[in-house]
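When you get a sec, could you build the whole thing from the sequences and use the hints?
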Amino acid sequence: MNQFAEAKELFSDDFDLSGYFDSLSFEYAKKQLIDAMQAHDVPLIFVLGNPGTGKSFLLNYIHKKVTNVKVAKYFTHPYFDEKEFLETLLSLAGRNIEHNEYSTETLISNLKKNFNNLEYTVFIDEAQLLTEDQVELIRILSDQKIFQFVLAMHKKEGNYILQKDHFKSRTNKRIELDGLTDKEIGRYIESRLLANNFSTIAAMFRKSHLKFIAKYANGNFRTTKKIVKTLLEILNIANREGYKKYSKINDATLTMAAIDTGLIDVK
Amino acid sequence: MLNNNFSKLVKLYGKYKARERNKRILKIFLPLFIVGAIALTILQNRNNTPVEDNRTNLKENKTQTEKKEEPKEKTLSHVEKEKPQKQIQKTEVKTPEVQQMPKHIIKNSKPAAPQESFKLKITQRESLYNLLLNHKNQKSYSTAIKIAQFYLNEKDYEKAVKWAVEASKKDPSQAQSWIIYAQAKKAMGKPDVAKKALSIFLKHNYSQQAQNLLDSL
Numbered sequence: 000m001n002q003f004a005e006a007k008e009l010f011s012d013d014f015d016l017s018g019y020f021d022s023l024s025f026e027y028a029k030k031q032l033i034d035a036m037q038a039h040d041v042p043l044i045f046v047l048g049n050p051g052t053g054k055s056f057l058l059n060y061i062h063k064k065v066t067n068v069k070v071a072k073y074f075t076h077p078y079f080d081e082k083e084f085l086e087t088l089l090s091l092a093g094r095n096i097e098h099n100e101y102s103t104e105t106l107i108s109n110l111k112k113n114f115n116n117l118e119y120t121v122f123i124d125e126a127q128l129l130t131e132d133q134v135e136l137i138r139i140l141s142d143q144k145i146f147q148f149v150l151a152m153h154k155k156e157g158n159y160i161l162q163k164d165h166f167k168s169r170t171n172k173r174i175e176l177d178g179l180t181d182k183e184i185g186r187y188i189e190s191r192l193l194a195n196n197f198s199t200i201a202a203m204f205r206k207s208h209l210k211f212i213a214k215y216a217n218g219n220f221r222t223t224k225k226i227v228k229t230l231l232e233i234l235n236i237a238n239r240e241g242y243k244k245y246s247k248i249n250d251a252t253l254t255m256a257a258i259d260t261g262l263i264d265v266k
Numbered sequence: 000m001l002n003n004n005f006s007k008l009v010k011l012y013g014k015y016k017a018r019e020r021n022k023r024i025l026k027i028f029l030p031l032f033i034v035g036a037i038a039l040t041i042l043q044n045r046n047n048t049p050v051e052d053n054r055t056n057l058k059e060n061k062t063q064t065e066k067k068e069e070p071k072e073k074t075l076s077h078v079e080k081e082k083p084q085k086q087i088q089k090t091e092v093k094t095p096e097v098q099q100m101p102k103h104i105i106k107n108s109k110p111a112a113p114q115e116s117f118k119l120k121i122t123q124r125e126s127l128y129n130l131l132l133n134h135k136n137q138k139s140y141s142t143a144i145k146i147a148q149f150y151l152n153e154k155d156y157e158k159a160v161k162w163a164v165e166a167s168k169k170d171p172s173q174a175q176s177w178i179i180y181a182q183a184k185k186a187m188g189k190p191d192v193a194k195k196a197l198s199i200f201l202k203h204n205y206s207q208q209a210q211n212l213l214d215s216l
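Chains as they are written, first to last, in numbering that gives the first Met the number 0: chain G, 0 to 266; chain Z, 0 to 216.
Wrong hints could be hidden among the right ones.
[As the list claims (entries may be wrong)] Distance windows between CB atoms, simulated:
(1) G/Glu5 with Z/Asn21: 37 to 45 angstroms
(2) Z/Leu31 with G/Ser17: 51 to 59 angstroms
(3) G/Lys30 with Z/Gly13: 33 to 41 angstroms
[To be verified] No farther apart than 30 angstroms at their CA atoms in a straight line, the calculated lysine-lysine pairs in the DSS-like style are these:
(4) Z/Lys16 with G/Lys266
(5) Z/Lys26 with G/Lys244
(6) Z/Lys195 with G/Lys244
(7) G/Lys144 with G/Lys182
(8) Z/Lys10 with G/Lys266
(9) G/Lys210 with Z/Lys10
(10) G/Lys214 with Z/Lys16
(11) Z/Lys16 with G/Lys210
(12) Z/Lys195 with Z/Lys158
(13) Z/Lys10 with G/Lys243
(14) Z/Lys158 with G/Lys210
(15) G/Lys266 with Z/Lys22
(16) G/Lys247 with Z/Lys22
(17) G/Lys206 with Z/Lys7
(18) Z/Lys22 with G/Lys210
(19) G/Lys244 with Z/Lys154
(20) G/Lys266 with Z/Lys26
(21) G/Lys266 with Z/Lys195
(22) Z/Lys195 with G/Lys210
(23) Z/Lys7 with G/Lys244
(24) Z/Lys195 with G/Lys247
(25) Z/Lys158 with G/Lys206
[To be verified] Some but not every residue of chain Z turned toward chain G, in silico, with C-beta under 8 angstroms:
(26) Lys14
(27) Tyr15
(28) Ile41
(29) Met187
(30) Tyr205
Hints are computed from structural coordinates only; laboratory data are not their basis.
Everything numeric in this text was worked out from a predicted model, so none of it was measured.
Even for Gly, the Cβ is constructed at its ideal location relative to N, Cα and C.
Next comes the structure, spelled out in structure tokens:
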């Protein structure tokens, strides 16, 4: 396996926390979120951002790395059953609960006995997928100050949900996560490679190459990773199979990466 | 893993490159083509604008050469053909007397009359230009007859005859072209030609106005 094959794994689309990157927008959002969680005074916090800007990474990072906040549970996707959701939360208090053992009202009153004053926070990712009933349940739990909720959702849908009566009149906090700047994209690629001893590959990237990637990534963290990973895969194949023309980073290989990721439509 | 296999990706890249090259060529040549097209139309317009009358003369000549193929219906051009040849008359032209310049030029005394006639000439030219332009676009009886009427009003009888002939070619059954023709001929001192023309018209058509004119001749 050549170095390109190894390096491409660094740009997989996962929540590997070693890939932490201190972009200005991310750092600002992180600070705001931690402050709000520590203050325990806002029942609902909305983390809004376009897809691929790092909302999930932010929740995951705080859930796993930040110790001075109390995250009760991190739901990576909205739950589908109200009772199941309440039972999961109640089980956090150390009780073994069987499914359908209690009614919804009993579960809520039990939660109230165990959790209060917004001491614990519940993370719900992809919250734009929540149904009306689920949103109403979250409103009840947050209104009674049982849990503090952090709802991460796409900016477009989030703005729409925030206009609804459930949230319009209630105290909440909005944290917006912006995309990466062109310079940050370049810095991310280089620092990621250098931190993992791929200095030779990092040196192959010229300013024009980073500019090309930034142009097509359009500030999107996920797209940046996708392009770089595909580029490294192309270089890996070209070096392995002996295609000299495509064995280095140049316009051809970058364009091929953009074509393969669907950013350039040729068909 | 790539979404496309490598060789397919290379092909797609080639296709993309070709497309980009074509785009670049188009970017360079399209403005040149547009500028060229605009320049060409301007040049064509310049060539088309001068003297409408020459054009109509040419057309007239053309139609005269093609007369054998024309329908048997009589138009004013037949009458024109039958007219006697012009006789050149010598006339003396008096040289105008030269007047002395006034010694004292009175300020603020503006001659009003010449300005008015100048304005009048301009508006007349404009309306003639519009009429000619209309005829160029439509080439119909109505546009030709308007020009004929214009020249008749201007007492330019030669041209009035010419345009009356032009109008009658478009629609020989209309009385107005024959009437203008007859009026112009009469004014030119050729009442016989006018009579002949009107009688030819009245043989095949009916018009009270044409009849009245014939009676008055």
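Failing hints, ascending? The structure conflicts with hints 3, 6, 7, 14, 19, 21, 22, 24, 25, 28, 29, 30, although it agrees with all the remaining ones.
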